[in-house]
Structures are given as C-alpha cells and as structure tokens.
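K.L.:
When you get a sec, could you build the whole thing from the sequences and use the hints?
Residues are numbered in the numbering used here as their position in the sequence shown, beginning at 1, plus a constant of 6.
Among the hints, erroneous ones may be present.
Derived BS3-like pairs: lysine-lysine, alpha-carbon spacing no greater than 27 Å straight-line [claimed, not checked]:
1) Lys327 - Lys72
2) Lys618 - Lys637
3) Lys142 - Lys117
4) Lys492 - Lys148
5) Lys187 - Lys298
6) Lys606 - Lys637
7) Lys492 - Lys135
8) Lys208 - Lys492
9) Lys135 - Lys117
10) Lys148 - Lys135
11) Lys148 - Lys117
12) Lys117 - Lys492
13) Lys545 - Lys363
14) Lys492 - Lys142
15) Lys72 - Lys492
16) Lys199 - Lys38
17) Lys327 - Lys298
18) Lys327 - Lys199
19) Lys135 - Lys197
20) Lys618 - Lys187
21) Lys187 - Lys197
22) Lys199 - Lys72
23) Lys327 - Lys208
24) Lys30 - Lys208
25) Lys208 - Lys187
26) Lys72 - Lys363
27) Lys327 - Lys492
28) Lys208 - Lys72
29) Lys559 - Lys545
30) Lys148 - Lys72
31) Lys187 - Lys199
DEER-style ranges, computed between Cβ atoms [what the hints assert, rightly or not]:
32) Tyr609 - Arg268: 31 to 41 Å
33) Phe211 - Ile58: 44 to 54 Å
34) Asn227 - Gly252: 30 to 40 Å
35) Asp152 - Cys470: 52 to 62 Å
36) Ser345 - Gly63: 39 to 49 Å
37) Asn80 - Leu228: 46 to 56 Å
38) Gly63 - Ile489: 42 to 52 Å
39) Gly63 - Met483: 24 to 34 Å
40) Leu346 - Ser207: 22 to 32 Å
By construction, these hints were calculated from the structure, which means they are not laboratory data. Cβ atoms here follow ideal geometry from the backbone N, Cα and C, with glycine treated the same way.
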Amino acid sequence: MTNESDNKSEERADVLTISPEEIKREEAEMEKVGGPLAWFARNSVAANVLMIILVIGGIANLRTIKQEVFPGFNLDFVMVQMVYPGAGPEEVERGAILVVEEAVRGADGVKRVSSTSREGFGVVSIELKLGEDVDKRLSEVKAAVDRVTSFPENMERPRIFSPSSQWEVISLIIHGGNSEKVIRSIAADTKEKLLRDNRVSKVDFGGAREYEISIEISQENLRRYQLTLTQVSSIVRDSTVELPGGSIKTESGEVLIRTTERRLTGPEFEEIVLIARPDGTTLTVGDIATVKDAFQDVDELVRYNGELALMMRVFRVGEEKPIDVADAVNEVMTEARESLPPGIQMDTWMDMSQMYKQRMDLLSRNALVGLVLVILILGLFLDMRLAFWVTLGIPISFMGAFLFLPSTDVSLNMISLFAFIQVLGMVVDDAIVVGEAAYVRRQQGMSPLAAAIAGVREVAVPVCFAIITTIVMYIPMLMMPGIMGKFMRVIPVVVITVLLLSLIESLLILPAHLAHAGTGNGKGIFGWIGRKQQAFSGKFERAVARWYVPFVKLAVKRRYMTISIAFATLIGSCGLLMGGRIRQIDMPDIDGDVIVCAAKLPYGTSFERAQKIEETLLHAAQEVMDEHGGKDVVASGVFSQIGQHALTAKQDMSGGSAFNRGAHLIEVAVYLTKPDV
7 MTNESDNKSE ERADVLTISP EEIKREEAEM EKVGGPLAWF ARNSVAANVL MIILVIGGIA
67 NLRTIKQEVF PGFNLDFVMV QMVYPGAGPE EVERGAILVV EEAVRGADGV KRVSSTSREG
127 FGVVSIELKL GEDVDKRLSE VKAAVDRVTS FPENMERPRI FSPSSQWEVI SLIIHGGNSE
187 KVIRSIAADT KEKLLRDNRV SKVDFGGARE YEISIEISQE NLRRYQLTLT QVSSIVRDST
247 VELPGGSIKT ESGEVLIRTT ERRLTGPEFE EIVLIARPDG TTLTVGDIAT VKDAFQDVDE
307 LVRYNGELAL MMRVFRVGEE KPIDVADAVN EVMTEARESL PPGIQMDTWM DMSQMYKQRM
367 DLLSRNALVG LVLVILILGL FLDMRLAFWV TLGIPISFMG AFLFLPSTDV SLNMISLFAF
427 IQVLGMVVDD AIVVGEAAYV RRQQGMSPLA AAIAGVREVA VPVCFAIITT IVMYIPMLMM
487 PGIMGKFMRV IPVVVITVLL LSLIESLLIL PAHLAHAGTG NGKGIFGWIG RKQQAFSGKF
547 ERAVARWYVP FVKLAVKRRY MTISIAFATL IGSCGLLMGG RIRQIDMPDI DGDVIVCAAK
607 LPYGTSFERA QKIEETLLHA AQEVMDEHGG KDVVASGVFS QIGQHALTAK QDMSGGSAFN
667 RGAHLIEVAV YLTKPDV
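P.N.:
The structure is reproduced here in structure tokens:
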C-alpha cells in the first residue's frame, strides 16, 4: 500500500514538475512577449490607474445615479382625452370618440385604437407599433385631431399626450370625522407642505372629489323674472373674470390696470347682480338661486378602517430618490399629527421605499457574504494574497458598472438590483481561472511576473469565450417587445456591463497585482496561514489524484457510454418538462403585502347598491381577519373605495382604466402587517 501511494504521489509530482532549464527558457520567452496582456502585467501603474478610474468613477456616479422603485419609461401609446360636460356615454361616443377614431385610425405607425366613454368624458387610446418614434407620432395625432371641425360646441378642447410610467413611492391617508370638507382642507395644507420640501415634486389626490360651486335656479323663478339659464350663465361668467386691462402712464410712473373679479366661494357668487332696476334695487343670484359650495356630485366614496378618508399619492420625479421621498412624507406626517383636529388621523399606505431599501440591503449582504466566502474558499487552495486580489474583482466590477450604467439609461431600481444579485455569482469566475493559472506557474518555480504573464496568456481565450457565451444568453432579453421588454432590458444591460468589466479586470488589472505579489517569508500570521493552506491543498490534490483522475480516465475511455448517459439524462429532463411533471407559469406566485378585491358591476349601478356590496366585501374581509387573530394582528389598515379602481388601475400602463370612474367600480384592500422576524 505504501509503494502504491508513493507511486501515485510521484505520478502527480511528475505532472506538476518542470525542469529548471524549461522554467528559465519560458521565463525568457515571457520577458520578450508583447501585447496588451503582457504590457499591463509589467506596468502596474497603468493597471492601478485603470482600477482607480473604475472604482472612484463608480463611487462618484453612485451618489448621483437616478434611483427609483421601478424603471420609468415612455409608453408606446398616445392618449386623446375629451371632456364633454352634461353628455351621456352614447353622446360622448357619437360626438367625440368616433370622430377622433376616424381621424387617427389611418395614421402611420398606429397598431391599435381603443376607446372608453362615460358620462361627460371620453378617452381614445392609440397603441403604436414596435419601434415607432413616440414624439413624432404624438405630433401627427395632434395635427389630425386639430383638423377635426365637427366637435360639439360645448365640448372642451381635447387633451393629447403620451403617458409615461410613473411609480408611486408612498401614500398618505387622512381619515376620520364625518366632514369631507375638513379632510380635504387638511389634505390641501399637507400637500402644500410636501411640495415645499425639495425632496418631493408630485403629489396627487386619490379618491377625492373636486371642489364645485353649483347654482340651482327653479323654473318658477326664471319665469317670474323673465330670465333664462343661458342669460344667468353669461352674467355669472362675465362677473367672474380676471383680465389685464393695459396700463396708464402718469407723472409718477406707469399704473397697471387689471380686472380682479374672480370669485372663489359660494357667498361671493350669491352677490352677483343679475338685474339692476332704475330705482336702484338689484336682483342677485342669491335672491333667486341656491348656491352650493361643496364637491362634485359624483358617486365616489373612500373609507379607511371604516372612516371617511382621502388618499394622497406621492411620486418620485426626476432625480428624486425613493427613500428621500418617503422620509419627507414621514417627517411631514409626524409634524402634521400634532395639529390634527380631534378624531382625524393620518397614516401611510403602501410604502414602496421599504421594498426598495430591503432590496438594497439584500444586495449589500449578499455582496459581503460573497466576498468573505470567496476569499475563504480560495484561501484553502491558493495563496492568501492571491485569493485577496482575485476577490477584489467583485467590487471593482460592480463599482465600474455604476460608472457606465447612466449612459445606458439604467437606474438603480428593483429590477437592476435583482440583476446585480444575479450576476454576483458569475463575476468572479474569470478572475479565479486567471489566478489559478498564475498560481500553478508560481508553484512550478516561475517568478511572479513570468507566472502572471504565462498564466493570463494561457487562459485568455477560454475566459473570453466563457464570458461571451454568457453574454449571448442574455442578448435575447434586449429584444423583448412591448412594455415587458422595457422592464426586462434592465437585466441584460446590467449583467453584460458587469461581465465585460470583470473580463477587463481579470485580464488587465489582476495580472499586474499577481506579478507584484510576493510569496512571503514564512513568518507571522501569513506564514502560519500559508503552511496550513499548503497542508490542506496537498491533501486535496492527493484526493483528486486518487479518486477523480481515475474516474475521468474511465469516462474518456468509455466515451460512448458517457455520451449515452448524458443524452439519457437530457431526454429524461425533457420528458419531465413536457409531461407536465414540472409546473409552467408565466410569473412565479409571490406572496404580496396587500390583498385587493376589485368588483365591477353593470354600468349604471346605483350608489346605494354599490355601498351594500362594499359592506359585504368588508364584512367578508373582517371574518377572514378574525379567523387569523383579528384586524390588529393581521392588517395595518383596510382601504375601500367606490367610484374607481385606484389600486388595480396602477397596473394599466395604457392609462385607459385610470379614466374609468363610476359607482359600478368597487375596491377593497387589506394591507397586511409584516411578520416578526
């Protein structure tokens, strides 16, 4: 047994050992070798400058790179929005929708035209073909609509725009009391405070009825004073103007003349004079009409935890960061809570910045764990200094990616962070191959510089092909069409950028570090680590020579059997996939934080009927929560709304359903609490 072991060790030694003459001859050849690989290995200054550019440039860009929850992009749609006051859905369709559809249907680049009409409102959604210039087609649609001359006289001017994906960061809900006017007033003050903060630029009201001043006059009063609605409307309109009237030059200067008769409240409208008699008496709007200073008479109701509510949706715009936006909202909310009237409360809802922060933390933790594991595992088989320089390729490649990503129109978001996590396990592979090749040459007795040059030249071609084949697998994701393609393009851009930088780092920067990495003097902590590493590496190499090498020789000798086993495994895998044993779905099922129930009733459903159905849904949700410990344990809030689908409409990128409102739409959402970890 001893002789057999000695023979195997000698066989392994013969494989690794090269005569001194061969080593000197190869070192002499490496001194004469040219090319970029050898040049960077000899010029550590150039390699370090390249490394510093990647790292420092990436860190500088990391501070200014755009951050968002999900990637923003322009949609391949053009929307034509029309307001036709007082018209029913059929009138809107005949007088506005059909006219616009006819004008734009034959335009270049139009793929599909769809429309939605409701009482007093209509929208035409024009989907463009793949690759069309949205700005150019938007101008063409505007020109086509402007040429239409048959719009109804009292219809407002159509609003034409191209929607873009804007993702909500956080919502603020004001609820309690029984006065919609009080809640709306608090919301207006809160919105003003938010917009004064430099970190917030866009705040929208969700489920809030617009202010409206209505003037109701009975037919009897109109006849009594011989007036018509048209006359009253004209007098009211002429009495609420705010127009410039030019200027008058005087000796002391120029005086601007301006008519400031704009009225903002109901009592101000009541004072408008309709008839002025010769005897000096007047007839005002308040004398013959009922003026209501309230909200639009629409079938909408928003409640939170069973109380009257209003939702404020805060978005990230421009260079704003999700975490900064959420911090600003929380600061304003904390300050506002101190002055809220009794019974009024303020809470946050759907804080997407928390999800973004968790993804950032996940990437940071994975990167740190990956660095530690790589350096420990490599330290078992390679020299500790060499393992350190190989591991350094991970942060260099990642920092370098931040230097180039802004030029590719990629931001830091949930998708790109996922791509960084995905590429984390690939980025160090090429550096390991280069480092191991140089390590083997060092073990054979070569100088550090010659070993680095010989090692990188030996594996440069296979390393390049390994990176290229991986990149090729991601290229089809760049060609995905539609909205999903705009989302998914972020992944290949990040992965390809990081892999190319890791290739540059392993071929140009790493050899320079390996060429100047000393072997140590065998003393101190590094000497002790080196001895332990050599002992483990020796045992591992003997195990490889004893078990793995014979198995490989057998597989090569019986190559037809090896190929047959491989094909049998492939066929078996395909059988499991095609036979339905492996479930196939478009997107994986992931537990969410919000449970949403959206009901769509027949158009024209009464508001009272919608309220009964909403109560039924809320009761069902309460029963489920009671079965799991009660609302205080299961949920942090229950949101319900009649009149529109505010939460599920966010998934409609075309913007069509965002304009669909009415009592036939009901939505109930339960915001689940986070489990204790």
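K.L.:
Now, for every hint given, state plainly whether the structure supports it.
P.N.:
Against the structure, the hints come out as follows:
Taking the CA atoms of Lys327 and Lys72, the gap is near 7 Å; set against the 27 Å cutoff, the hint holds. Proposed proximity of Lys618 and Lys637 is supported: the alpha carbons are some 21 Å apart, at most 27 Å. Between Lys142 and Lys117 the alpha-carbon distance is near 15 Å, which keeps this suggested pair within the 27 Å criterion. About 25 Å separates the Cα atoms of Lys492 and Lys148, which keeps this hinted pair within 27 Å; it holds.
Note on Lys187 and Lys298: the hinted pairing holds, with a Cα-Cα distance of about 13 Å set against a maximum of 27 Å. About 26 Å separates the Cα atoms of Lys606 and Lys637, which keeps this hinted pair within 27 Å; it holds. Proposed proximity of Lys492 and Lys135 is supported: the alpha carbons are some 14 Å apart, at most 27 Å. Between Lys208 and Lys492 the alpha-carbon distance is near 24 Å, which keeps this suggested pair within the 27 Å criterion.
The suggested pairing of Lys135 with Lys117 holds, with an alpha-carbon distance near 5 Å, which does not exceed 27 Å. Of the pairs offered as hints, the one joining Lys148 and Lys135 holds, with about 18 Å between alpha carbons and a cut-off of 27 Å not exceeded. Simply put, Lys148 and Lys117 have alpha-carbon atoms about 17 Å apart, close enough for the 27 Å limit, and the pair holds. Pair hint Lys117 plus Lys492 holds up; C-alpha atoms about 18 Å apart against a cutoff of 27 Å.
With a C-alpha separation of about 45 Å, the suggested pair Lys545 and Lys363 falls outside the 27 Å cut-off, and the hint is violated. In summary, the hint linking Lys492 to Lys142 is supported, as the alpha carbons are separated by about 19 Å, within the 27 Å threshold. Distance hint between Lys72 and Lys492 is fulfilled; the C-alpha atoms sit about 17 Å from each other, no more than 27 Å. Proposed proximity of Lys199 and Lys38 is contradicted: the alpha carbons are some 70 Å apart, above 27 Å.
Note on Lys327 and Lys298: the hinted pairing is violated, with a Cα-Cα distance of about 42 Å set against a maximum of 27 Å. Proposed proximity of Lys327 and Lys199 is supported: the alpha carbons are some 18 Å apart, at most 27 Å. Restraint check: the Cα-Cα separation between Lys135 and Lys197 comes to about 39 Å, which exceeds 27 Å; the hinted pair is violated. This hinted pair checks out: Lys618 and Lys187 have alpha carbons roughly 24 Å apart, not beyond 27 Å.
This hinted pair checks out: Lys187 and Lys197 have alpha carbons roughly 15 Å apart, not beyond 27 Å. Taking the CA atoms of Lys199 and Lys72, the gap is about 24 Å. The hint holds against a cut of 27 Å. Note on Lys327 and Lys208: the hinted pairing holds, with a Cα-Cα distance of about 13 Å set against a maximum of 27 Å. Proximity of Lys30 to Lys208 is assessed by CA-CA distance (about 70 Å); at most 27 Å being required, the pair is judged violated.
A C-alpha spacing of about 22 Å is found between Lys208 and Lys187, which places the hinted pair at or below 27 Å, so the restraint holds. Pair hint Lys72 plus Lys363 holds up; C-alpha atoms about 15 Å apart against a cutoff of 27 Å. Distance hint between Lys327 and Lys492 is fulfilled; the C-alpha atoms sit about 21 Å from each other, no more than 27 Å. A distance of roughly 17 Å separates the Cα atoms of Lys208 and Lys72; the hinted pair therefore holds under the 27 Å criterion.
Proximity of Lys559 to Lys545 is assessed by CA-CA distance (about 21 Å); at most 27 Å being required, the pair is judged to hold. Taking the CA atoms of Lys148 and Lys72, the gap is about 32 Å. The hint is violated against a cut of 27 Å. For the proposed pair Lys187 and Lys199, the alpha carbon gap of about 19 Å is at most 27 Å, so the pair holds. Checked against the hint of 31 to 41 Å, the C-beta distance between Tyr609 and Arg268 comes to roughly 37 Å, which is consistent with it.
Phe211 and Ile58 have their C-beta atoms about 50 Å apart, which keeps the hinted 44 to 54 Å range intact. Taking the beta carbon of each, Asn227 and Gly252 are about 39 Å apart, inside 30 to 40 Å as hinted. A hinted range of 52 to 62 Å for the beta carbons of Asp152 and Cys470 is consistent with their spacing of about 56 Å. Range check, Ser345 to Gly63: Cβ separation about 47 Å, and the 39 to 49 Å hint holds.
One distance hint, 46 to 56 Å for the beta-carbon pair Asn80 and Leu228, holds here, with the actual separation near 51 Å. Separated by about 32 Å at the C-beta atoms, Gly63 and Ile489 break the suggested range of 42 to 52 Å. Restraint check, Gly63 to Met483: a C-beta distance of roughly 26 Å satisfies the suggested window 24 to 34 Å. A hinted range of 22 to 32 Å holds for the C-beta pair Leu346 and Ser207, which are about 25 Å apart.
Consistency with the previously given hints fails for numbers 13, 16, 17, 19, 24, 30 and 38, ordered from lowest to highest.
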